[in-house]
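Colleague: Build the complex: two chains, separate frames, hints provided.
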Amino acid sequence: MSEEQIKSLEKQFEARIARDEKIEPKDWMPEKYRKTHIRQMSQHAHSEIVGMLPEGNWITRAPSLRRKVALLAKVQDEAGHGLYLYSATETLGISREEMYEQLHTGKAKYSSIFNYPTITWADMGAIGWLVDGAAIINQVPLCNTSYGPYARAMIRVCKEESFHQRQGYEIMIKLANGTPEQKEMAQDALNRWWWPSLMMLGPTDDVSVHTAQSMKWKLKRKSNDDLRQQFIDQTVPQAELIGLTIPDPDLKWNEERKSYDFGAIDWDEFWQVVKGHGPCNKERMKARVDAWEEGEWIRDAAMAHAEKKQERKEKQAV
Amino acid sequence: MKQNLYNYILGIADNSLMLGQRLGELTGHGPSLETDIACTNISLDLFGQVRSYFQYAAKIAGDERTEDDIAMLRKERDYKNVLLVEQPNTNFAYTLGRQFLFDVYHLAFLKELQKSADLTLSAIANKCIKEVSYHERFSSDWVKRLGDGTEESKAKMQEAINDLWTYTDELFHQTEADKAMVEEGIGVDVTKLKEAYYKNVSDLLLESILEVPESKYFQKGGKQGIHTEHLGYLLSDLQYMQRTYPNMEW
Numbered sequence: 001m002s003e004e005q006i007k008s009l010e011k012q013f014e015a016r017i018a019r020d021e022k023i024e025p026k027d028w029m030p031e032k033y034r035k036t037h038i039r040q041m042s043q044h045a046h047s048e049i050v051g052m053l054p055e056g057n058w059i060t061r062a063p064s065l066r067r068k069v070a071l072l073a074k075v076q077d078e079a080g081h082g083l084y085l086y087s088a089t090e091t092l093g094i095s096r097e098e099m100y101e102q103l104h105t106g107k108a109k110y111s112s113i114f115n116y117p118t119i120t121w122a123d124m125g126a127i128g129w130l131v132d133g134a135a136i137i138n139q140v141p142l143c144n145t146s147y148g149p150y151a152r153a154m155i156r157v158c159k160e161e162s163f164h165q166r167q168g169y170e171i172m173i174k175l176a177n178g179t180p181e182q183k184e185m186a187q188d189a190l191n192r193w194w195w196p197s198l199m200m201l202g203p204t205d206d207v208s209v210h211t212a213q214s215m216k217w218k219l220k221r222k223s224n225d226d227l228r229q230q231f232i233d234q235t236v237p238q239a240e241l242i243g244l245t246i247p248d249p250d251l252k253w254n255e256e257r258k259s260y261d262f263g264a265i266d267w268d269e270f271w272q273v274v275k276g277h278g279p280c281n282k283e284r285m286k287a288r289v290d291a292w293e294e295g296e297w298i299r300d301a302a303m304a305h306a307e308k309k310q311e312r313k314e315k316q317a318v
Numbered sequence: 001m002k003q004n005l006y007n008y009i010l011g012i013a014d015n016s017l018m019l020g021q022r023l024g025e026l027t028g029h030g031p032s033l034e035t036d037i038a039c040t041n042i043s044l045d046l047f048g049q050v051r052s053y054f055q056y057a058a059k060i061a062g063d064e065r066t067e068d069d070i071a072m073l074r075k076e077r078d079y080k081n082v083l084l085v086e087q088p089n090t091n092f093a094y095t096l097g098r099q100f101l102f103d104v105y106h107l108a109f110l111k112e113l114q115k116s117a118d119l120t121l122s123a124i125a126n127k128c129i130k131e132v133s134y135h136e137r138f139s140s141d142w143v144k145r146l147g148d149g150t151e152e153s154k155a156k157m158q159e160a161i162n163d164l165w166t167y168t169d170e171l172f173h174q175t176e177a178d179k180a181m182v183e184e185g186i187g188v189d190v191t192k193l194k195e196a197y198y199k200n201v202s203d204l205l206l207e208s209i210l211e212v213p214e215s216k217y218f219q220k221g222g223k224q225g226i227h228t229e230h231l232g233y234l235l236s237d238l239q240y241m242q243r244t245y246p247n248m249e250w
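So the sequences go chain by chain: D and H.
Heads up: the first sequence at position 309 corresponds to 309 in the working numbering, and the numbers run straight through without jumps.
Heads up: the second sequence at position 39 corresponds to 39 in the working numbering, and the numbers run straight through without jumps.
Just chain H, same shape as in the assembly (with noise of 0.2 Å):
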């Protein structure tokens, strides 16, 4: 099996992952029903993709694994996505921040993803990056208005905007698996795309009146798999019925 390449597969995948539970857990909650149906179409997005990425990481695996075997029964270590995704829907300003802060990255990074000597994975990113140029537009569009909104709205916008930053710095960290699909030109090297990413997502904050955090302090370990507390009880709702019922069809 190509260990590289599927552990390289389940860290881009974990970030859609964990980010379409946390919108999943706002349907039916949202502040308005345009967004509730904005941010549950997002999640729906997301799933679309980790579907796409684990069937085809199973098929590297070769064995007896399924898309739900990997999503849904791995232990807390083996999950892999960045500690951004991960964060709770505090309130309305950070369910937009992080996916604002995510998207970015996301969408320049899928943008190289369709550059990939592996097919699958260009295809994928290929039918990605139409959802999430919308998902860019979307977070970018509601963080200007929170930000250039009322003093309420631009408070609670920067608090989230201060509290994720520090979370922003490890979607460019390199891990084994990356280094090594860079060499074979089938990985992205997110290396490369900080540089941009802070320009892009500077330039919107400004223009959303809002300051660019100035703190240096970055939190990492998701890559790693050290994750924060916030995981373990997303894994608990993500994993109940696999968990509870095991061996059984749905």
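Bound-form chain D, shown alone (with noise of 0.2 Å):
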């Protein structure tokens, strides 16, 4: 293909995504669209795969019957979530196995927020609240970007995100309306949790570097500053009604902004915990590879299960 058709195929490319038409994946796209679309999506499934071990720590441990079914569920929705969002990203060309090639040798990131260990059952109230609730004001605008698959994934996400938030939030509820004990509880996992998730929606925008093309295909709507401003003006209120106190002193209603005015957060840990020096990250790849290598051989057995069975369909048919 000449460089003139390319440019020209480009120029309809965009002018598709300005009319808000969904790419789908046998469309003509632009090589950096279907890589920079492999990346942010593998990124994603890799999140909730990884983002099933923090909380995946407590399942044994859950306070009661209800709370123990309930997390349960959750961390398989999150099972389900990376399922279809590896699907998805098959569709741009990557197989399943190469996109965990890339997340095991530390090629591909994933949220940097399941770096932290999960300590006490109020981590999963924590977690639930703050970091689905960060995550859902990522996800919400996903629903509309320009590529189907992704949009179609993200829809069905983000209703079950929503259940978990809620879910979290109403964990944090009892804990903050029981003993002292309890309270007490709540209270540490929101000071752990805090600034972690205000990290959770990523750089500030003067050294963000994907945000301007990422804008430009809908992978983006808000810049990571406003969501972070979303995010806090939304949650301070729901602290303050059950009586959580936010790990802020510089923390404070702005009139003129309508808005909270917050403290500086403390961007060398976030790069720290990025580049897989936090306090989980090994743990968290070492039970990824884990679970991979020691999965091979039944891999393996259920591939040449398959293979026998064809074979012997075959000679039946002979």
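Derived from the structure by calculation, the hints contain no laboratory data.
Just so you know, not all the hints are guaranteed correct.
Straight-line distance between alpha carbons at most 30 Å, and here's what the computed DSBU-like set of lysine-lysine pairs gives [what the hints assert, rightly or not]:
#1 Lys59(H) - Lys315(D)
#2 Lys154(H) - Lys308(D)
#3 Lys313(D) - Lys115(H)
#4 Lys313(D) - Lys144(H)
#5 Lys115(H) - Lys192(H)
#6 Lys183(D) - Lys75(H)
#7 Lys174(D) - Lys199(H)
#8 Lys309(D) - Lys154(H)
#9 Lys199(H) - Lys315(D)
#10 Lys309(D) - Lys144(H)
#11 Lys174(D) - Lys154(H)
#12 Lys179(H) - Lys144(H)
#13 Lys159(D) - Lys127(H)
#14 Lys154(H) - Lys315(D)
#15 Lys313(D) - Lys154(H)
So these bits of chain H aren't anywhere near chain D, every CB distance computed over 10 Å [stated by the list, open to error]:
#16 Leu44
#17 Ala71
#18 Lys220
Facing chain D, from chain H, some residues (calculated, C-beta under 7 Å) [as the list claims (entries may be wrong)]:
#19 Glu25
#20 Thr27
#21 Ile37
#22 Ala38
#23 Phe47
#24 Glu151
#25 Glu229
#26 Tyr233
#27 Ser236
#28 Met248
Bear in mind the structure is a predicted one, so any value in this text is a computation, not a measurement.
For glycine and all other residues, C-beta sits at the position ideal for the given N, C-alpha and C.
Modeller: Structure (structure tokens):
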């Protein structure tokens, strides 16, 4: 294809996106569009899968049968999200195995928040309330993103995430209204998860490298700083309602902006965790790699069995 | 309080409780996303069953006891599950072998429990049977895949079946509560399930190109609360929150 032809296709492509048309797997797309989507969608899928670990950590110790069932269902939902996000990414011409390989070798990233440890039951509440809350703010705009399979996957994901968020908040309500010990547990979890949740919405706009292009492709609708402000404005009243204190002495309502002003985020900590040196980066990756490696003989067996079955079927047919 | 009925229900529910707990340990660590989802799903089904049984047991007890007290605040000797379901997830072959050996029994048991003169138990059985039919299909399919897969998977599956075989006979032992409940038309006479069980299990093992273990030495004790050393650790997790923070709501 000549350079001119490509330019013309690109022009048509950008026009389709501007008209809010969906791009489907068989449509022509610029290579950069494909690559950017593989990067973001696989990162999203990896986050779901790695995100199963900190919460899975409490399944066997959930305090009641009702909570245990809800937690199991939640972690299972995350596996389901991972499954259809991997499938949606496969439509761009990469296999699940290749994506796993990228995760296991550290080439692909996942949401840094999952590198923090879950040390008390209240962390299950805080993750649902704050982490899923921040995820929803990130993800709702993606229901209208330009790539069809991603947009459709996100509609379902967002519905379930908002259920998880309510479930997490409900755990916090119960703790905050419980005994002094329970309330302390809830406050401690909020103290530990608040700042990482703010970081989850991404670096500040002046250093975010992918924003401009992503905006154009509707992979992003608002900037990181705007999303962060939205999250804070939404969450502070929820904390107040249940008598918990946001661990930020500089947090203050700004009447002029009709928004909260907030304190400085420790971006050194953020980059430390992103670069692989957070509290649980090694454990999380080891758990994923172990599951994959220990699963090899099982996957091989399933494949061998399917082939034998097929052979027998063909022999019978002859 | 109807002590025999209460004990009888606990005997049934404890099996689902321990097996659900074991499967719950694996969530997020499965050999593939699909099997991870399936095992978590089975765990969810089992805990759902546990809740139905224990809510009913709490009603029969008629005191302050809740489903969570019954599930999480008994002493080790008071859990009456069979030894099979508390065995650890040594590897995927053990997990699936344990599941298969229990599912075949569980399905046959529930089919009979549906006929119970106790309408609540019969209704619970009716609801569970759909779930357990799926469990049995899932675990049987995997035994076949692993048995008739590669040399390595065959050896691992055979080893798991051989090791777990010793816990199968106990499924058909009757406790005093069992006998009393059979008399009243409420309970299932498990002794009558034994022959069909070994036939079904053996047929599937042979279909999976595996050998049926010949050992006639069996372990028992779970139904009397005498467990393997594994149970204590399982309970430390299961009971952790209730023991550390007594009398609180979650």
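Colleague: May I ask which of the numbered hints given earlier this structure violates, with the numbers listed in increasing order?
Modeller: 1, 3, 7, 11, 12, 16, 17, 22, 24, 25, 26, 27
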